[in-house]
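Q: Here is how the chains run, residue by residue.
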Amino acid sequence: MVNKTAYQRVQGARRKDKISTAELIHGLTTDFFELHGDRLEADDHALIGGVGLLNNRPITVVGIQKGADTDENIDRHFGSPTPQGYRKALRLMKQAEKFHRPILALVNTPGAWPDVESEYHGQGSAVAQCIIQGMQLKVPYISIIVGEGGSGGALALACGDRVLMFEDSIYSVLSPEGYASIMWKDSSKVQQAAEELGLTPESLLKDGIINQIIHEYKPGDDLSDLRDFLDQQFTELENLPMSELIEQRQRRFRNY
Amino acid sequence: MLQSRFKMPSHDELVKRMDAIPDHVLRECPICHAKFLSMRLGRDHTCPKCGYGFRILAKRRVKITFDKFTEIDQNVTVPDRYTDEKYRAKIAKAKKVTGLNESVLTGIGSLNKQQVAVGIMDPFWIMGSLGSATGEKITRLFELATRKDLPVVMFTSSGGARMQEGLHSLMQMAKVSSAVAEHSAAGLLYIVVLCDPTTGGVTASFAMDGDIILAEPHALVGFAGRRVIEQTIMQTPPKDFQSAETVMKHGFIDQIVKRSDMKKTLTQLLRLHTKENAYG
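Chains A and B are the protein sequences, given in the same order. Heads up, the first sequence is in my numbering, so the first residue is 1 and it goes up one at a time. Heads up, the second sequence is in my numbering, so the first residue is 1 and it goes up one at a time.
Please keep in mind that the hints were generated in silico from the structure rather than gathered at the bench. Note that the structure is predicted; figures quoted are calculated from it, not measured. Be aware that one or more of the hints could be misleading.
Okay, derived cross-link-like pairs now, BS3-like style, lysine-lysine, Cα gap no bigger than 30 Å in a straight line [claimed, not checked]:
no., chain 1, residue 1, chain 2, residue 2
1, B, Lys-95, A, Lys-185
2, B, Lys-263, B, Lys-49
3, A, Lys-206, B, Lys-68
4, B, Lys-275, A, Lys-189
5, B, Lys-63, B, Lys-49
6, B, Lys-63, B, Lys-263
7, A, Lys-189, B, Lys-93
8, B, Lys-90, A, Lys-185
9, B, Lys-239, B, Lys-68
10, B, Lys-63, B, Lys-90
11, A, Lys-138, B, Lys-275
12, B, Lys-264, B, Lys-63
13, A, Lys-206, B, Lys-90
14, B, Lys-59, B, Lys-16
15, B, Lys-239, B, Lys-249
16, A, Lys-185, B, Lys-239
17, B, Lys-68, B, Lys-86
18, B, Lys-263, B, Lys-275
19, B, Lys-264, B, Lys-249
20, B, Lys-68, B, Lys-258
21, A, Lys-138, B, Lys-148
22, A, Lys-185, B, Lys-86
23, B, Lys-90, A, Lys-189
24, A, Lys-4, A, Lys-138
25, B, Lys-263, B, Lys-113
26, B, Lys-258, B, Lys-96
27, B, Lys-249, B, Lys-148
28, A, Lys-94, B, Lys-249
29, B, Lys-86, A, Lys-4
30, A, Lys-185, B, Lys-93
31, B, Lys-68, B, Lys-35
32, A, Lys-185, B, Lys-96
When you get a sec, could you build the whole thing from the sequences and use the hints?
A: Here is the structure:
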């Protein structure tokens, strides 16, 4: 793993040509079938999900997808889910539990979508439900921070048994720009902010917040080693008695 | 004739006279902008015109709400690993102003002889932000309540996760939620009282997890702050978009309760949930 500054990791996490959530799903699973909607009012395009086979094992995937160009970014509001998106994710995760399928969550978001409509539809409540119910799911649940892991909007999909991060990814309590503007009223101090936030995979691994760092893949790369690795992780988790699985998960968060 | 003797004082003269009134004598309500004599704030610290509950110290809230209260975990505080000088200075100031070692006061209280586990966030402790020790205290409160078969009443008032503690503060949202879930699975009651302001990571976790969610009049309740919305997506939110009344209209609050009625209301809700009367 190359040594990079925290700010270089921020840039890497936001890189335009980074492998996307949809590409990861395509490369990791076969027979993927996308499922839409929160069954209440809408289908949020920032949040994609469905069922597929990972080495012949049925899994549920939920993930946050950024747009490739401006039009797509507007449609997916830059990879920031609305409450409807989080409710769709939770619906699919509960469905996974019903069918005893493990869950893979792929996170790449600057944060939950900050607009007035999302406030009216209960953004806080939607994220809170993903967290509290996500932690109780009686199936193995692995999250990968693909690029940006922005605050509560990322945590909503990272309350499971393992949290992994790509080399060029970040996971933080708020954006380095936000931190700089609050701390020094100067958003140009992002580099210093990135350092102080401790948002790199290296520092989060050291802090015991994440379990492992995964090397980067480019779009179109063969993902079979990542697929095998996830397969093995799911097998390990599936071999635990249910009570032990839930207890380990709770202990993991209890220690913070 | 009279007019000339009692003419309206000049603007400058009025400003001078207003300035001569000591600051603590007059208060202005930040919601309805009514100006009134401080003494009219009363014991509950509410606006006499619109009922807005002014931000108050946790220690004051405990006095006006509960008959008895025994504090727990009072020495739990910010871990030593956070050494940043500016952060340390803020901590020292917060401790002095609030008399608390962290941004939440926890303990066992009683209301009309009914025991209840109580958590009160203090908006004057670095904006009631959720630090590692805040999360630890709230988690322990729920664990204790589960062991002792007690309901929990949580007064939230917070700017959200505490950025000085990085991702550890974010993790508190999950840690507390897990303890809330266990408490809930034991069939125990959790009441939230949303106080001004409840935002960010607190709204996105235990503030929205209550069986019953109450709010004080005009309290600000939301996830993303106004400035974040304005600066990130260049949208100007309407004036009251995050007032408790608006949030209730959208279905996320059970009832808005005036501070002067809080004790009575909580007592009633606890009584309605006593196990002796429950089915099965």
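Q: Taking the hints in turn, state whether each one holds.
A: Now for the hints, and whether the structure bears them out:
Using a Cα cut-off of 30 Å, the hinted pair Lys-95/B and Lys-185/A holds, with the two alpha carbons roughly 25 Å apart. Annotation: proposed proximity of Lys-263/B to Lys-49/B holds, straight-line Cα distance about 21 Å (limit 30 Å). With a CA separation close to 44 Å, the supplied pair Lys-206/A and Lys-68/B exceeds the 30 Å bound. Between Lys-275/B and Lys-189/A the alpha-carbon distance is near 56 Å, which puts this suggested pair outside the 30 Å criterion.
In summary, the hint linking Lys-63/B to Lys-49/B is supported, as the alpha carbons are separated by about 23 Å, within the 30 Å threshold. For a cut-off of 30 Å, the pair hint linking Lys-63/B to Lys-263/B stands: about 11 Å separates their Cα positions. A C-alpha spacing of about 26 Å is found between Lys-189/A and Lys-93/B, which places the hinted pair at or below 30 Å, so the restraint holds. For the suggested pair Lys-90/B and Lys-185/A, the alpha carbons sit about 17 Å apart, so the restraint of at most 30 Å is met.
Of the supplied pair hints, the one linking Lys-239/B and Lys-68/B is violated, its CA atoms being roughly 39 Å apart against a limit of 30 Å. For the hint pairing Lys-63/B with Lys-90/B, the CA-to-CA distance comes to about 26 Å; that is within 30 Å, so the pair holds. Taking the CA atoms of Lys-138/A and Lys-275/B, the gap is about 29 Å. The hint holds against a cut of 30 Å. For the proposed pair Lys-264/B and Lys-63/B, the alpha carbon gap of about 14 Å is at most 30 Å, so the pair holds.
Note on Lys-206/A and Lys-90/B: the hinted pairing holds, with a Cα-Cα distance of about 27 Å set against a maximum of 30 Å. The straight-line distance between the Cα atoms of Lys-59/B and Lys-16/B is roughly 37 Å, outside the 30 Å bound, and the hint therefore fails. About 15 Å separates the Cα atoms of Lys-239/B and Lys-249/B, which keeps this hinted pair within 30 Å; it holds. For the suggested pair Lys-185/A and Lys-239/B, the alpha carbons sit about 25 Å apart, so the restraint of at most 30 Å is met.
A C-alpha spacing of about 37 Å is found between Lys-68/B and Lys-86/B, which places the hinted pair above 30 Å, so the restraint is violated. The straight-line distance between the Cα atoms of Lys-263/B and Lys-275/B is roughly 20 Å, inside the 30 Å bound, and the hint therefore holds. Between Lys-264/B and Lys-249/B the CA atoms are separated by roughly 24 Å; this keeps the pair inside 30 Å, and the hint holds. Annotation: proposed proximity of Lys-68/B to Lys-258/B holds, straight-line Cα distance about 21 Å (limit 30 Å).
For a cut-off of 30 Å, the pair hint linking Lys-138/A to Lys-148/B stands: about 26 Å separates their Cα positions. With a C-alpha separation of about 15 Å, the suggested pair Lys-185/A and Lys-86/B falls inside the 30 Å cut-off, and the hint holds. With a C-alpha separation of about 21 Å, the suggested pair Lys-90/B and Lys-189/A falls inside the 30 Å cut-off, and the hint holds. About 38 Å separates the Cα atoms of Lys-4/A and Lys-138/A, which puts this hinted pair outside 30 Å; it is violated.
Distance check on the hinted pair: Lys-263/B and Lys-113/B sit about 12 Å apart at the alpha-carbon level, within 30 Å; holds. For the suggested pair Lys-258/B and Lys-96/B, the alpha carbons sit about 29 Å apart, so the restraint of at most 30 Å is met. For a cut-off of 30 Å, the pair hint linking Lys-249/B to Lys-148/B is broken: about 36 Å separates their Cα positions. For the proposed pair Lys-94/A and Lys-249/B, the alpha carbon gap of about 28 Å is at most 30 Å, so the pair holds.
Between Lys-86/B and Lys-4/A, the direct Cα distance comes to roughly 27 Å. Compliance with the 30 Å bound is thereby established for this hinted pair. Of the supplied pair hints, the one linking Lys-185/A and Lys-93/B holds, its CA atoms being roughly 21 Å apart against a limit of 30 Å. At most 30 Å may separate the alpha-carbon atoms for a hinted pair to count; Lys-68/B and Lys-35/B exceed this at roughly 34 Å. Note on Lys-185/A and Lys-96/B: the hinted pairing holds, with a Cα-Cα distance of about 26 Å set against a maximum of 30 Å.
In summary, the numbered hints that this structure violates are 3, 4, 9, 14, 17, 24, 27 and 31.
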